[in-house]
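Colleague: Work out the full structure, taking the sequences as your base and the hints as a guide.
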Amino acid sequence: MTTVFSQGAPGFLGVPRDFSGCPGFSRGAPPRAAAVGGPLCQNRRRHTGVVMVGDAGAAHARWRQIVEDIGRFDAGAGRQAQCALERHDAPLRVQIAGRGGAVRPTLRTAVESAVATVAHVEAAHVEAAHVEAAELDSPDRPEPVLDADVVLLVLAARAHPADLAALARSADPAAPVPGRDERLVVVLDRTEGLDDADAAFARAAAQVRRPVLAPGSAPAAVADRLGSARRRRAAALARDLAGIAAGPRARDVIEAALDDLLGTA
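Residue numbers for the sequence shown follow the UniProt record's numbering, beginning at 1 and rising by one.
Rather than coming from a laboratory, the hints here were simulated on the basis of the structure.
Note that beta-carbon positions come from the ideal geometry of N, C-alpha and C, so glycine has one too.
Heads up, a few of these hints could be off.
Distance ranges between label pairs, derived from CB positions [to be verified]: (1) Asp-196 - Pro-139: 42 to 48 Å; (2) Thr-106 - Leu-164: 21 to 27 Å; (3) Leu-262 - Pro-139: 48 to 54 Å; (4) Ala-61 - Glu-132: 27 to 33 Å; (5) Ala-220 - Asp-147: 20 to 26 Å; (6) Pro-105 - Asp-137: 16 to 22 Å.
Modeller: So, in C-alpha cells, the structure goes:
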C-alpha cells in the first residue's frame, strides 16, 4: 500500500511528471523540449538564492526560468536539464519494513503524520514523500528490496535472520562508510514482555551494526532522513547539470545555476 499526502504539481514548464525519455527511464516518447523564452542570465547573480528545500515556490519559479533559458540556446541541453530537474523533484519514498506483525498501525500513523508535516513545511511544489509498507519474510511474496530514499526497519523484540538478510540485500553501495547508510532508521518494538529491554536494544544494535531506536523516536528520525535525502538529490542535480554538454551561451546559464545551487555565486 502507498500513502500519498499531496497532489503532485505538473513538471517544470507545465510538462506532466513523466520521466519518459530521461536517462534511466524508458517509458514512452521523449519529453517536450524546454520552452523557448526568458532572457539569458547576463548577470550570474540573477538567480542567486535558489533554495531546493524550503521557499519551494520561489525555487520552482527560478528553476523553471533556468530551464527555459538553457533550452532557448541549446534544445538538447534544455531537454537534459529538464530530465535532471524532474529526477530531482520526483517525490521521495519512505519504506516501513518488518516481518509480519512487526509494524504497529500506531507507528505507521505516526510516521505518516511526520512525513505530512515535512511536506506542509516545505509547501509549494514539493510533493510529500510516498509511504510504503514492505513486509519481510512473507511466504506469499518475494522478499522486497529496501531501496527507498528512507527506510524504517522495525524489529519485533529482536533482530530476526530475515531482518539481517534484508539489510544485507539493501545496503547502499554509495554509503561513504560501510554500515552507515543515511537512508536507514532501525527501531526495536514489541519489547513489553522482555525481562531486560535495555539489553535487547544493545543486542539488536550489535547485530545490525547501527543505532537502534525506540518506536517513539522513529517519526523524528524519518523526518530528519528526508532532509538528508533532499540534500542528496541536490548533490545529484549538481552533478547532472555539470555533466551536460552545451553550447557557450547555454553553458553560461548552466554555470550560473550551479553557482546558485552550490552557493558559490
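Colleague: Indicate, hint by hint, whether the structure satisfies it.
Modeller: Taking the hints in turn, this is what the structure says about them:
no., hint, verdict
1, Asp-196 - Pro-139: 42 to 48 Å, "violated (32 Å)"
2, Thr-106 - Leu-164: 21 to 27 Å, "holds (25 Å)"
3, Leu-262 - Pro-139: 48 to 54 Å, "holds (49 Å)"
4, Ala-61 - Glu-132: 27 to 33 Å, "holds (31 Å)"
5, Ala-220 - Asp-147: 20 to 26 Å, "holds (23 Å)"
6, Pro-105 - Asp-137: 16 to 22 Å, "holds (19 Å)"
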